[in-house]
Amino acid sequence: MSQKINPVENFVSGFEAIRATLAGNDLPWLDSLRRSGIGQFEDIGLPGPKVESWKYTRLRPLEDTTFRPVTLADREAYIDQVPTVLPSGLGCPRIVFVNGFMRSDLSCLDNLTEGVTVESLGAAVARDPEWVETHLGRIGSLEGQPLVALNTAMMNSGVVVHVRRGVVVEQPIQMIFIAGLTEEPVACYPRNLIVMEEASQATLVKLHAGLGVSAYLANAVTEVDVGDAAILRHYRVQSENMQATHLGSLHVRIGRDATYDGFGLHIGGRLSRTEVFARLEGEGGHCALNGAYLMKGREHCDNTTVIEHAVPHTTCSEVFKGILDDESRGVFQGRIVVHKDAQGTDGHQLSNVLLLSDKAEMDAKPELEIYADDVKCSHGATTGQLDETALFYLRSRGIPEALARNLLIQSFVAGALDEIKCDAVREAMMSKVVHWLPAKCFLAEEWTEE
Amino acid sequence: MAATLETAQQVQEYADDGYKYGFVTDIETESAPKGLNEDIIRFISAKKKEPEWMLESRLKAYRHWLTMPEPEWQKPEFPAINYQDSYYYSAPKSMADKPKSLDEVDPELLATYEKLGIPLQEQERLAGVAVDAVFDSVSVATTFKAKLEEVGVIFCPMSEAIERCPDLVQKYLGSVVPYTDNKHACLNAAVFTDGSFVFIPKGVRCPMELSTYFRINAENTGQFERTLIIADEGSYVSYLEGCTAPMRDEHQLHAAVVELITLDDAEIKYSTVQNWYPGDEEGRGGIYNFVTKRGACRGRNSKISWTQVETGSAITWKYPSCILQGENSVGEFYSIAITNNRQQADTGTKMIHLGKNTSSRIISKGISAGRSDQTYRGLVRMGPKANGARNYTQCDSLLIGDTCGAHTVPYIESKNQGAVVEHEATTSKISEDQLFYLRQRGIDEEAAVALVVNGFCRDVLQQLPMEFAVEAQKLVGISLEGSVG
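Protein chains in written order, with the working numbering: chain A, 1 to 450; chain B, 1 to 485.
Quick caveat, the hints were computed from the structure, so don't treat them as lab data. Please note that a few of the clues may not be correct.
To be verified - Which stretches of chain B does chain A cover? Using the computed rule of at least three CB atoms under 8 angstroms from a CB of chain A, they are:
#1 255-265
#2 270-276
As the list claims (entries may be wrong) - Going by beta-carbon spacing under 8 angstroms, a handful of chain B positions derived as facing chain A:
#3 Trp73
#4 Gln74
#5 Pro107
#6 Thr180
#7 Thr408
#8 Val409
#9 Glu413
#10 Ser431
#11 Gln434
Using N, Cα and C, we set each Cβ at its ideal position, and we do this for glycine too.
Start from the sequences and build out the full structure, keeping to the hints where you can.
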C-alpha cells in the first residue's frame, strides 16, 4: 500500500488502455483535445509542495495508491436509495451518475422546462458534436493545470446543461454523482459543461456523494458560461466518503450584467480540493463565491478561488466559513485580481474559521492583486475558537454545554448559508450541517420543538 | 492649520530638488578587487583583523551560498544579479589607521554627514541620540561612546565588537538568522563588512536613542552590514536606522542582516527610515534593498517592535519578523511603504508565535503611485503550544493613478484552537471627496494628496521617535511628488 509508485506513468498508461472506449473517440477534434490533455499532464506532472498554489495541500493519496479508470461495469453498482440534496417530494428533475456513468433508471428528466437540455456528455457528443466542439475546453485552460489536463484526457461522461436564450427555469435541477462501492480504487473524471444563453436563468444543485468505504478519486472539471444578463445559481455539496480524494475545478466566464451565484458545502472526503476560477468579462457582472466546510477525523479540505475582474464596473463577494475538528486541516486560498483597466471594481472576501480541537490546523492565504486605482477591495480572515462568553450565556440559560456548542457552530455556519438565495436549497444544506454536528446530544431542532 | 501649512511648505521645498541625498563625496577610497571569491573573503577578514573562527564562519557561509538558488517567489521582477560585477569592500583611505577620536576623522567625511543632516560632532542639540556612521564598508565614527559606557551599554561597530567581546558575538551572531536562511542573508554572512553592535546589560534603560546612519558612496559597491542588538533581562533600547545613497545609473546591492534578541522583560524598539536612492523616473539605477531582519523574543514578557518607513530603493525585499518564544512576549510591526515611478516593493512581516499568551500586532500602510508595484507579504503562524496567542493584522493600500499595482498576500497558519488570528485588508484610491474638500480650501492638488496620505499613515507615523517622525513626514511628501496631474 505504502509502496512508492509513479502516479504520472500510471495515469498515462491508464489513458492508453481506455482511449479507444472513450465517448466520441472517432471525432478527430475530441481525440486531439484528449491527446493535448495527456501531453500537458505528462509534461507538468502532479503538483508538488514547491508549486506556490499547492503549498498547503499534498496529493499523498495519489502518491501511494494506484487508481484504475472506471469502466462501464462499475456503473451497475446497486443503489437502494439515491442520495439527494433536495427532498424528493419537491419533484425536481435530476440526472444521476454512478461511478462516472449516467444511470437513466435513477434519473428523472421528464418534467424539464422547454428550452433546457440536460444530458450526459456522451449523449451530447453523439447528438450534436458541433455544438459540443464550440463549447468544450473553451473556458477551462490546460495551461499550468495538470489536473484539468488529466481530466481533459480521460473525460468520458459528465453532465451537459444548455439553457436557451431567455428561458427561465423555476425548479432547481439536481446533478448527482455517486461514487464508491468498487472493490479496488477507481478514478472517475466527470466533465461538466453548463451553457447559459443570454438572459436565461436557472438553479443547479450538484451533489457528490460517496457510498461505502472504498477509496476512489474523483477528478471533476466543470465549465460554466454565463451569457449576458443571465443568472446562474450553482449550489454544490461535496460529501464524499472517508477514503475519497476529490479534486474538482470550476471554470466560470461571466458576461455583461450576468450573475453567477455559487455556493459549496464540503462535509466529506479524505482529501478534497476545489478550485474555482471565475472571470468577469462583461460590465455589470457579479460573481458570488461562498462556501462552508465542516471537517473531522483526518480530513483535509482545500478551497482555492481566483476571481478576475477583467473589465470595469464588476463586483464580487466571497464568504467562507470553516469548522475544523479532530485532526482535520482546512486550507483557504482566495485571490481577487483586478486587471489594469477594471476601474470601478468592488470586491469583498471573508474567511472565518473555528478550530474545535488542538490538533486541527487552518492555513489561509487571502490575496488581493490590484492593477487599477478606482477600486474598493477588502478581505478579512479570522481563526479562533468558540466564543467562551457566548457559551457561558447559553449555559447560564440552562442549555447543556454540548447543545450550546452545536447551536453556536450552527449559527456560525449560517453566516455563509444565508448567502444562498434559494430557500429549499438553504434548508437542505442546513439540515446536512445539523447532521454533521456531534450527535451526542439532542439536536437543536428537536430541542426547540419541545 | 499650522500643520497643514507646514506640510504644504515641505512639499514645495522638496519639489524643487527631488532626491537631495544624491550627491557623491569625492574621497580617496581603498577597495578590494572587483568580484567575489574566497580570496576576497580572506581579504575582508584580514582587513578587519578578524580571529580565525570568524573567517571560518564566513567561508562556510560562502560555500553554502554557492549552492543556493536565487529566490523566485517574490513579485518584483529584475534581471539576474551579476555578483562578480561589484566591489565587496570599499573604505575611505583615511580610515586605514583607525582614528582615535572624532578630531582625527577626515573632515571630508564629517562634512558629508553634516550635509546629510547628521552632524557627528557631539553637540548638545543632539544630545539625545548616539550615532554610529557607516560609510560604504566601514564605520567612520561612533558618538557618545563614553557616556554610554558609564551605564554599561556597549555600542560600537561590529568589527570592534568582534575584538572586544568575542564571547557575546560568537554566542548570538547568526543565532536568529542562520547563514542557511536565504540567499541574501547567506551572502551577508560571508562578506559583511560592518554594522552596529549593541549590548544593553541587565536592568538598564538605555539613556539615549541609538542610531546608525548608512551611506553608500563608492561606485559599483555593494553594502553588506550586519547589526546585532542584545537586550539583557529587564533592559530597554530604542534604535534608529537611516540610509541614503548617491544617484547612479547602475543598480547597487544592499544585503543587510539585522538580528535582535530580547531576554526576560526586555524591550527593543527598532525604527528604520529607508531612503536609498530609488532610481530615476524610468527606473534607471537605484538600490536593490534585500534585507533580512528578524528578532527573537527569547525571554518572558519581552517585546520587539519594528517600525519602518520605506520610501527609497528601486526594489525593496524585506520582512522584519518576530519569533515569539517567551511566554507573554509581544511583537509589533508598523510599516509605511511608498513606491513611485518604477519602484517595486515586496515587504511585510512574519510573526511566529511559539510561546503561550504571545501577542502580535501588524499595521501596514502601502501607497503606490506612478508605475510602481507594491506587495504586502506577511506570515502569521500559531504554533501548537501557543495557547492564548493573539494576532491582529491590518493592511491598507492606497493607489494613486491607474498604472500602479497594489497586492496583498498574507499567509495565516493556525495550529492551535486557543489562538485568535484576525486579518483585515483594504485597497482603495484617495477619496475624491477629501481631495475636493482640501482643494476647495485653496490647497493645491499635490499638497492635498500629501496631506491625505499623511493622515492615512498616521497610525504608523505616531510610532516613530520624534526626530524620525518629522523626517518621515517630509519623505512622504517628496516620494509622491509628481504622482498627480
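Hint-by-hint comparison with the structure:
1. With 0 residues having a Cβ less than 8 angstroms from any Cβ of chain A, the stretch 255-265 of chain B misses the three-residue criterion, and the hint is violated.
2. Here's how the stretch 270-276 of chain B fares: 0 of its residues keep a CB closer than 8 angstroms to some CB of chain A, so the rule of at least three is not met and the hint is violated.
3. Against a cut-off of 8 angstroms between C-beta atoms, the interface hint on tryptophan 73 of chain B holds, since the closest Cβ of chain A lies about 6 angstroms away.
4. Evaluation of the glutamine 74 of chain B hint against chain A yields a violated restraint, the C-beta minimum of about 11 angstroms exceeding 8 angstroms.
5. Interface restraint check: proline 107 of chain B against chain A, minimum CB-CB distance 49 angstroms, threshold 8 angstroms, status violated.
6. The interface hint given for threonine 180 of chain B is broken, as the beta carbon of that residue sits about 18 angstroms from the closest beta carbon of chain A, more than 8 angstroms.
7. Hint status for threonine 408 of chain B: holds, given a least beta-carbon distance of 4 angstroms to chain A, under 8 angstroms.
8. Annotation: interface hint on valine 409 of chain B holds; nearest CB of chain A at approximately 5 angstroms, less than 8 angstroms.
9. For glutamate 413 of chain B, the interface hint holds, the least distance from its beta-carbon to any beta-carbon of chain A being 5 angstroms, beneath 8 angstroms.
10. With a cut of 8 angstroms, the hint placing serine 431 of chain B at the interface with chain A is violated, because the nearest CB-to-CB distance is about 11 angstroms.
11. Violation of the interface hint for glutamine 434 of chain B is found here, the shortest Cβ-Cβ separation to chain A being roughly 15 angstroms, above the 8 angstroms cut-off.
Checked against the numbered hints above, the structure breaks hints 1, 2, 4, 5, 6, 10, 11 and satisfies the rest.
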